[in-house]
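Q: Residue numbers (this note's numbering), protein chains in the order written: chain A, 1 to 476; chain B, 1001 to 1326.
Hint data in this document are derived by calculation from the structure and do not stem from the laboratory. Predicted model only: the values in this text are computed from it and were never measured. Just so you know, even glycine gets a beta-carbon here, dropped at the ideal spot from N, CA and C. You may find that some hints are simply not true.
Which chain B residues face chain A? A few, computed with CB under 7 Å, are given here [unchecked claim]:
1. Thr1146
2. Gln1184
3. Arg1185
Pairs of lysine-lysine residues, derived as BS3-like cross-links and limited to a Cα-Cα distance of at most 30 Å, are as follows [to be verified]:
4. A:Lys286 x A:Lys472
5. A:Lys374 x A:Lys117
6. A:Lys400 x A:Lys472
7. B:Lys1244 x B:Lys1260
8. A:Lys472 x B:Lys1095
9. B:Lys1260 x A:Lys472
Covered by chain A, per the in silico footprint, the following chain B stretches (three or more residues, Cβ under 8 Å) [as the list claims (entries may be wrong)]:
10. 1157-1169
11. 1237-1251
12. 1291-1299
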Amino acid sequence: MAGSSVGEGAPGESTERYRPPSGRSKLIIIVVALLVVTNVVTGLTAFYLAQPPVAVTPLCGTGASVRSASVSTSGDIGASGDASPVFTVHFAPPYRTTQATITLIGPWAGSEFDHFKPVLENFTTSTGIPVTYQQMRQEQLQQVLPADFATQTAPGDVIFMISSFIKANGPQHMIKVNANISDSDFLPGSLDPVKVGSDIYGGVYTGKVKPGFWYRKSFFQAHNLTVPTTYAEFKSLLVTISKIKGIRTPIVSGDSVGWPLSDVTEHFIATYGGASMHRALTNGTKRWTDTDVRAVFADRLVPLLAGGCFSEPLEWNTVALANWWGGLHALYFMGSWITGLVDNATDLGVFSLPPPTGTTTGIVFGGDYFFVPKYTTHQTEALILLKYLASKDGQTIQVKQGGHIATALGVPLSDYPTVDRGVAQLMNGVVILSDLDDTIGGTFQTNFWSQLQLLWVSPNQLDSVLAAIQAKMPAS
Amino acid sequence: MRRLRIEGVTGLLRKLRDRVSGALRGRGSPRARKAGLRIAFFTPALLLIMLFVAYPVLTTIGVSFFDANGHFVGLGNYQQVLGSPDTINLNGFPKPPPYGTLINNAVWIAIHLPLSMFLGLWLALVLREVRGSSWVKTAIFIGMVTPLIIGGIMMLYIYDGSIGLVPRFFDAIGIHSLGVGWLQRPTTLLFGLIFGSVWLWTGFSMIVYSAGLTTIPKEYWEAAKIDGTSTFRTFTQITFPLLKPMTIVVFTMSILYELKIFDLVYGATNPQGGVGGAADVLALQMFREAFVQLPADYGTAAAVATFLSLLTLTATVMTIRYMVKR
C-alpha cells in the first residue's frame, strides 16, 4: 500500500492517520476507462444481438434503415402544454354568488389551457356558478377513477375522459344525460362513442381532426412543390422531396406512446379501405387479417415504410416537430392541434391522402368527451356545465382561440381562424369517423400502438403485426 | 355463543389494558412490567402491519382466485397468466423479441444484476484511495436519487435516433447499425433500458461496497503486500470474502429491483412495453390488467401480483439462506 506506515509503530498497529496518495491522473484514467468500458460493453452486446436491417429497394432515396436528422436548433416551435405540471385554477363570477362551486377535471395545461380559460370565464359570469378547474391527464384518471367509483366517490363533478372509458363505465357510474343533450344538435355520430344502446352517458366538446399531412407553405413554394391529387402524384412528390438537399426523409414520424403512428395508419385505412372498412374494424365486424385490410397495408403503407419515406419514430412534440419545422422533413402527419404548436400558423398547409375513385373516404375526428359521475354532490350545477360545454355558445368561444373544431351544429365558419377554417373545409364531403383506438380502448389500444411501432421499423413483419393486433380485439 | 365470544375478547382486552397501564405506572412485578412494556410497544406496529401489509396481501391472494365477474375460478387466472404469450412467448425461438414478461424479467436479472453489482464494486475499489473521489461518487450516485420515471423519460432522449448520446457515439465511431433509435427497435429496446438502468442503479452498489471497504482493517492488505500476494489474489482471498455482508445486501436489493421494475420501462415506452411489447415486464403486465384493460380484470392482475410476490420472496429467501450458510 503506497504511503502506508508499516514499520513505524508496533506490529499490526497503525499509529498515523492514513493519508491517501494524490491520484488526479488515476482519477482521470478511471473516468475515461469507465466511459469507454460501459459504451463498448453496451455497443458490443447490442451489436451482436441486434437483427440485421432488412434489405429493401429504397423508394425515397436512403432505404428503410435510413437514419433520422441531426437535431435542429430551430427556435420556431411554440409552447406545448403536454408536459405541464398538474395545476388547479379557480373561476369565480365577478359578482357575489351563493351557488356551489363545482370541480371540472380536464386534460389541458399550458397554452392549451389558456385557450380554454375564456370558455370557463364566460360560464361563471353568465351562470354565477364558480368552477374549480383541475388538470389531470386521462392516463392518470384511468388509474384513479376505478378506485373512486368503487368507493362511490369522484374527484370532480364534470370530468373529461376518453370515450371508451365512459362507454364501459357509464351505466354503472355516470349520469344519463339524454334529457340534457340531443343527437340532433351535433355533427352526425359525434355522440355514438358515449352511447350504450340509446342511453347517452357523456357530452362531446370540440374536437380535433386528423386531416392529413402538414407542410410549410414556404417550403413548398421554395421548391416548386404542389399538393398531390392522385396516389401516383403523392408517391412522385415523396421521391421529389427526398432528392432535395438537406432532407433526411420526406415524412417525419411522430411518436410518444404510439398514438401518432396509429393516426397515420387510420388515415390510410379511411382513405384506401374507405370509411366502411374503418367503421367495420372499429366495430369488430372485420378482422385485421382480412385480405382487403391487409392489402391497404401491403399496397400503400408498407412500401412507403420499407422505401424509407417515413423517418423512424421520433418524440412527436419535441424532436419530430423541431426537425420538420427546421426543414429536415417536408411532411408531418398530425392532428389539427398542430396549429397551436408552431410559431407561424399562417405558414401551415395541409392535404389529405388522395382518395381513389369510387371509395367513400373518411376523416378521423377525435372529440373531447366528458361526463358527470353519479357521485357528484352538485348534480344540478354539473349538468348546467355539461350542457354549456356541449352547446354552440360554449364551443364558439373555444374555436375562436384556434386548434379546435366544433361538434355542436351552428358554429359559423367565420368564427374559425383561417388555418382552422381550411381544416373544417377538408371535412366537407367525407364521412366523419371516430378515432379507432380511442373508441375500442383498453389493452387493444396499447397493443395496437406497440405493434405499429414494430411495423414502422420492421415492415417485413406485416403479417405477424396484423395477427397480434387482431389477437387483442375485444370479444364483441 | 356470540355473547361468550364477545366476553372472551373483552376480557382479553381488559387484561392487556391492565398489564400495559400497570407497566406504565410501575406497578406489578418487574417481569410483568417488562411484558407490559413489550406489548405497549409491539401492539401499534403489529396493528399497522396487519392493516397495511397482511390484509392487502391476503385480499390480493383472495382476489386472484376470482374472475372479472366475481366467479370463483380456482387457479384459472394463474393458468391464464402463465399460458399467455404476454408472459412467455418463445414460439419459433430463435426469433426477434418479444419473448414475454417472465423471460424479460429473467433477462433483466441476468444482465443487470452482475453488471451493476460488479461495476459498483469495481468503482468502490478504484475510487477508494483517490483524492477527489467523493465528487465522482456523488456524480454516480445522482442516478440513484433520480426518480425512475424521470430516468425512463431521460432514456427517450439518450437513445433517440436523432439527438441521442448513445446512437451519436456509435455513429461517430463508425458502428452505423447502432446509430439509430434504440427504443424504436425491438432488438435494442430491452438492452437499452437495462444498460440505462445500470447507470442509474450502480450508485447503490458502489456506495454499499464503499461503506464495506471502510470496515476492512487495512493491515490485512498490508500483510498481503508484505507477503508478496498479487493484487488479484488479494481481491479474491481478502477483499471479496470480507465484503460478503455487503454482497448479500446488494444482490438481494438488486434482484428485488429487477423483478419489480416498472416505472423506468413505463416512462421510456408505453403501457405495452414499447415496440412490439419487446420490453414488457411482469409489473407492467399487472398494471395493464388492472388499469388499462376495459373492464378491469382485477383477478388476473392479482394473479400476476401474487406470482411476482412469490418470485420475489423465493429469490430473496434463497439468496439470503445460501449466502448466510456459506
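Q: Which earlier hints can't be squared with this structure?
A: Checked against the structure, the hints that fail are numbers 1, 6, 11, while the rest are satisfied.
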